[in-house]
Amino acid sequence: MPPKKKTKKTTKKTPEKSENDLEAKYRRNILDIAILQDHIAIQRESLIKVHSERSDLRRRMRDMEQKLQHEKQGHRDVNSDLSRQYKTMQTALSNKVKRLEVEVSQLKEELALCQEELRKEKREREQMEQEKDATISDLQHKLDNMETDYEKVLHETLDCLTSQLSVAQQRWEDKSTTLHENYKELLSEFGLNPLDM
Numbered sequence: 001m002p003p004k005k006k007t008k009k010t011t012k013k014t015p016e017k018s019e020n021d022l023e024a025k026y027r028r029n030i031l032d033i034a035i036l037q038d039h040i041a042i043q044r045e046s047l048i049k050v051h052s053e054r055s056d057l058r059r060r061m062r063d064m065e066q067k068l069q070h071e072k073q074g075h076r077d078v079n080s081d082l083s084r085q086y087k088t089m090q091t092a093l094s095n096k097v098k099r100l101e102v103e104v105s106q107l108k109e110e111l112a113l114c115q116e117e118l119r120k121e122k123r124e125r126e127q128m129e130q131e132k133d134a135t136i137s138d139l140q141h142k143l144d145n146m147e148t149d150y151e152k153v154l155h156e157t158l159d160c161l162t163s164q165l166s167v168a169q170q171r172w173e174d175k176s177t178t179l180h181e182n183y184k185e186l187l188s189e190f191g192l193n194p195l196d197m
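For the sequence shown, UniProt numbering begins at 1 and goes up steadily by one.
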């Protein structure tokens, strides 16, 4: 079955009705314009507020970056000071070791001379062999005591250096822990979770 054709009824509008329609349309348009102007004003205020907040956040971010730079410089200063102290102690220890090595070398030379002298005397005087053996034993004992003393000095120096380094490390770790806690608090104040970073 074919669809029915619709027939249009043509009605003539009276000029009075047409004017009322135009006036209603005009009022609706004015109302729409007022609504749009309100909407634009709200959007504008919100945009101004966003711009203000963005510039404030940028300023705060710059301040935080400057603080971070100062903190980094402080860390660098502490690191360079600790490095300088370590190098100074290392140089002093190295100088002491060299001095002790020279002394040991001199003592070895002296010992070699004594032993040479002893061999000559052994050849010349076989009858005094027991006395020379006692002298050699005495010199060897002195050498052992000296080596023991030098080992003690070296161990004490190394222990002292280790203790100083341990104290410096503990101070550095304490400062580092304090700085980390401060940064965690700052991040928390900004609503950031430090574990997410």
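No wet-lab data here; the hints were simulated from the structure.
Remember, predicted model here, so these are calculated numbers, not experimental data.
Treat the hints with care, since some could be wrong.
Calculated cross-link-like contacts (lysine to aspartate or glutamate; reagent style EDC-like; alpha-carbon spacing at most 20 Å) [what the hints assert, rightly or not]: (1) K142 x E126; (2) K67 x E189; (3) K132 x E151; (4) K120 x E110; (5) K108 x E147.
Results of checking the hints against the structure:
no., hint, result
1, K142 x E126, "violated (25 Å)"
2, K67 x E189, "holds (15 Å)"
3, K132 x E151, "violated (28 Å)"
4, K120 x E110, "holds (15 Å)"
5, K108 x E147, "holds (11 Å)"
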